[in-house]
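Chains A and B, in that order, give the protein sequences.
My numbering puts the last residue of the first sequence at 358; the count rises by one with no breaks.
My numbering puts the last residue of the second sequence at 358; the count rises by one with no breaks.
Just so you know, the hints here were simulated from the structure itself, not pulled from any lab data.
Do not rely on the hints blindly, as some may be mistaken.
As the list claims (entries may be wrong) - Here are the computed distance ranges between Cβ atoms for each label pair:
#1 B/Pro220 <-> A/Arg340: 19 to 27 Å
#2 A/Gln288 <-> B/His133: 40 to 48 Å
#3 B/Tyr316 <-> A/Gln168: 25 to 33 Å
#4 A/Arg165 <-> B/Gly336: 35 to 43 Å
#5 A/Gly241 <-> B/Tyr316: 37 to 45 Å
#6 B/Pro134 <-> A/Glu154: 46 to 54 Å
#7 B/Glu115 <-> A/Glu157: 26 to 34 Å
#8 B/Glu274 <-> A/Glu338: 52 to 60 Å
#9 B/Glu154 <-> A/Arg90: 31 to 39 Å
C-beta: ideal position from N, C-alpha, C; glycine also.
Number of protein chains: 2
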Amino acid sequence: MSESLIQCVPNFSEGRRSQVIEEITSSFSNKQGCFLLDYRADQDHNRLVVTLVGQPKPIQDALIEAAQRALANIDLNQHEGAHPRIGAIDVIPFIPLQNIDMKECVELARSFAQRFYQETSIPVYLYEEAAIRPERRQLEIIRQGQYEALKVEVKNPARHPDVGEPKLHPTAGATVIGARKFLIAFNVNIGTDNLAVAREIAKAVRASSGGFCHVKGIGLALEERGLTQVSLNIVDFQKNALYRIVELIRMEAKRWGVPIIETEVYGMLPADAILDSAAYYLQMHGFERRQVIELALLDLLGKEDRKP
Amino acid sequence: MSESLIQCVPNFSEGRRSQVIEEITSSFSNKQGCFLLDYRADQDHNRLVVTLVGQPKPIQDALIEAAQRALANIDLNQHEGAHPRIGAIDVIPFIPLQNIDMKECVELARSFAQRFYQETSIPVYLYEEAAIRPERRQLEIIRQGQYEALKVEVKNPARHPDVGEPKLHPTAGATVIGARKFLIAFNVNIGTDNLAVAREIAKAVRASSGGFCHVKGIGLALEERGLTQVSLNIVDFQKNALYRIVELIRMEAKRWGVPIIETEVYGMLPADAILDSAAYYLQMHGFERRQVIELALLDLLGKEDRKP
Numbered sequence: 051m052s053e054s055l056i057q058c059v060p061n062f063s064e065g066r067r068s069q070v071i072e073e074i075t076s077s078f079s080n081k082q083g084c085f086l087l088d089y090r091a092d093q094d095h096n097r098l099v100v101t102l103v104g105q106p107k108p109i110q111d112a113l114i115e116a117a118q119r120a121l122a123n124i125d126l127n128q129h130e131g132a133h134p135r136i137g138a139i140d141v142i143p144f145i146p147l148q149n150i151d152m153k154e155c156v157e158l159a160r161s162f163a164q165r166f167y168q169e170t171s172i173p174v175y176l177y178e179e180a181a182i183r184p185e186r187r188q189l190e191i192i193r194q195g196q197y198e199a200l201k202v203e204v205k206n207p208a209r210h211p212d213v214g215e216p217k218l219h220p221t222a223g224a225t226v227i228g229a230r231k232f233l234i235a236f237n238v239n240i241g242t243d244n245l246a247v248a249r250e251i252a253k254a255v256r257a258s259s260g261g262f263c264h265v266k267g268i269g270l271a272l273e274e275r276g277l278t279q280v281s282l283n284i285v286d287f288q289k290n291a292l293y294r295i296v297e298l299i300r301m302e303a304k305r306w307g308v309p310i311i312e313t314e315v316y317g318m319l320p321a322d323a324i325l326d327s328a329a330y331y332l333q334m335h336g337f338e339r340r341q342v343i344e345l346a347l348l349d350l351l352g353k354e355d356r357k358p
Numbered sequence: 051m052s053e054s055l056i057q058c059v060p061n062f063s064e065g066r067r068s069q070v071i072e073e074i075t076s077s078f079s080n081k082q083g084c085f086l087l088d089y090r091a092d093q094d095h096n097r098l099v100v101t102l103v104g105q106p107k108p109i110q111d112a113l114i115e116a117a118q119r120a121l122a123n124i125d126l127n128q129h130e131g132a133h134p135r136i137g138a139i140d141v142i143p144f145i146p147l148q149n150i151d152m153k154e155c156v157e158l159a160r161s162f163a164q165r166f167y168q169e170t171s172i173p174v175y176l177y178e179e180a181a182i183r184p185e186r187r188q189l190e191i192i193r194q195g196q197y198e199a200l201k202v203e204v205k206n207p208a209r210h211p212d213v214g215e216p217k218l219h220p221t222a223g224a225t226v227i228g229a230r231k232f233l234i235a236f237n238v239n240i241g242t243d244n245l246a247v248a249r250e251i252a253k254a255v256r257a258s259s260g261g262f263c264h265v266k267g268i269g270l271a272l273e274e275r276g277l278t279q280v281s282l283n284i285v286d287f288q289k290n291a292l293y294r295i296v297e298l299i300r301m302e303a304k305r306w307g308v309p310i311i312e313t314e315v316y317g318m319l320p321a322d323a324i325l326d327s328a329a330y331y332l333q334m335h336g337f338e339r340r341q342v343i344e345l346a347l348l349d350l351l352g353k354e355d356r357k358p
């Protein structure tokens, strides 16, 4: 058994002041067992999205450090931006990657929520798989009315935090912590400028209109290119494989005699999502991820970390 | 830039005495920067095949240690086995994996050959991409007549070693060192028991009868399953992609109205071989390997190794 590996994508309410962004992200660099894969600061959203991969303990330690730095620098009463938020440290999702299952990630999120409150005095709402109140599985519900409304409504029992007292932190608001599956952002460009076609295809494939249960999607125009796009979020790539989604879209597009021009993975995805599709098309029988040299090597590096 | 990564697959002429096998392979375990991915000892072949991945320097250091242990334990005058061999340490190929090209691997093989001779007194023949004499690109030519014949013929200028004096080591013979591309062993099982069909398909796909330039292959019967198999070695997966080989075989099989039942990767393959095929079938535009979380992480771990 090698080390368990999680992804964590904390969102901070600061996308403009580069010194604060630098200070927060530096909590994640040069930490043994916590790897900063990417961070993006958006000025319009006034928000910082950080992508971490590593072992649970070092990631959590680094999160506490980053939270304290965010706390010292961000005052939500002064904060404005296009993206909805309720806290300086707005959302912290834990995502299982390797040698750890969702149940363990839920435990991890819940115990981290306790520690987070103890060390920062910021109250916590638990969401998605880690939600204790069923309606709080949805982030939108927790964030309703944002910081400004929640500051008042938090006294209402229906809006009490899951961890901490029923009041927000005076400058840092509240934080949403939870566990969820890996989300793949996947776009499929269709060889037509007819937006109705892309919308019909999106309907066929997405859960909300009866398609695959773990796919969200809309049809968009790519006006400059004279194409349309089916823009998707795959919220469970193990149940709704990439190849199955692409082939369903190809099949639906045939109804209008239009082809798939190309697809695009926006951001990152786990190796298993690719291996699964390659194995389908190439009909690979009994293929295992440790047959891929790089993945076998990563596994060995994980073991090496644990040497006394 | 991160650390360069090579694969190395040394072959030793010992497949029976477990203590000697253990002693040789232990040179490769617990070495910083050198990872023992796999080893297989074959009793019939009386041969040990070790798969290493890591950085050039630590791999070479470990190879010298392993060679000295093999030297102390193996006497080719007493050795018999089904597999052709000329040395106790029979073959050492270096294979580029990441952040290193073939030219660098050739230099690496040639300079290692010098060091190897200095530290073991075993003469060296250079093969494949590292060959100095063109005919020695082929391992079969160097190994002609095996240890027993070479012991005499080594005095003949045509068979002089490339490094060292024109005589074999009295117990360890000679060693073949070189650089080559990654080889993928890939089988495609065909839904017919007609061996002639598998043989015709193998002919269509392999270089020796005019197919793809970097593919070797034969047709075989899988008698117990009532199937046949096109058994392939892909010696340059970047030029002859997996998907192209599979789809050509599928097309040829149609001539006889038979399907591909399944395919099988025997042993390991680099991530790029899978990514390339997934990108083809899923029509992924602009997809990069660092979008795969595990590969991005491996890259970061490589950088971390170099910290002062």
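Check: How does the Cβ-Cβ distance of B/Tyr316 and A/Gln168 compare with 25 to 33 Å: does it lie in that range?
Finding: 54 Å Cβ-Cβ, so the 25 to 33 Å window is violated.
Item checked: Status of the given 40 to 48 Å range, CB of B/His133 versus CB of A/Gln288 -> holds, 42 Å
Check: Range hint 46 to 54 Å: satisfied by the CB atoms of B/Pro134 and A/Glu154?
Finding: 51 Å Cβ-Cβ, so the 46 to 54 Å window holds.
Margin query: Quick check: does the Cβ-Cβ distance between A/Gly241 and B/Tyr316 fall within 37 to 45 Å?
Written below: This hint holds: roughly 39 Å between Cβ atoms.
Note to self: For the hint 31 to 39 Å, verify it against the beta carbon of B/Glu154 and that of A/Arg90.
What the structure shows: The hint (31 to 39 Å, Cβ to Cβ) holds, given that B/Glu154 and A/Arg90 are roughly 35 Å apart.
Margin query: Taking 35 to 43 Å as the stated bounds, is the beta-carbon spacing between A/Arg165 and B/Gly336 within them?
Written below: holds, 41 Å
Notebook entry, point to check: Is 26 to 34 Å a correct range for the gap between the Cβ atoms of B/Glu115 and A/Glu157?
Noted result: Hint violated: Cβ distance 45 Å, outside 26 to 34 Å.
Next item on the list: Take the C-beta atom of B/Pro220 and the C-beta atom of A/Arg340, compute their distance, and say whether it sits inside 19 to 27 Å.
Entry: Because 41 Å falls outside the window, the suggested range is violated.
Notebook entry, point to check: So the hint says 52 to 60 Å: do the beta-carbon atoms of B/Glu274 and A/Glu338 match that?
Noted result: Given a distance of about 23 Å, which is not inside 52 to 60 Å, the answer is violated.
Hints 1, 3, 7 and 8, counting from the list given before, are not met by this structure.
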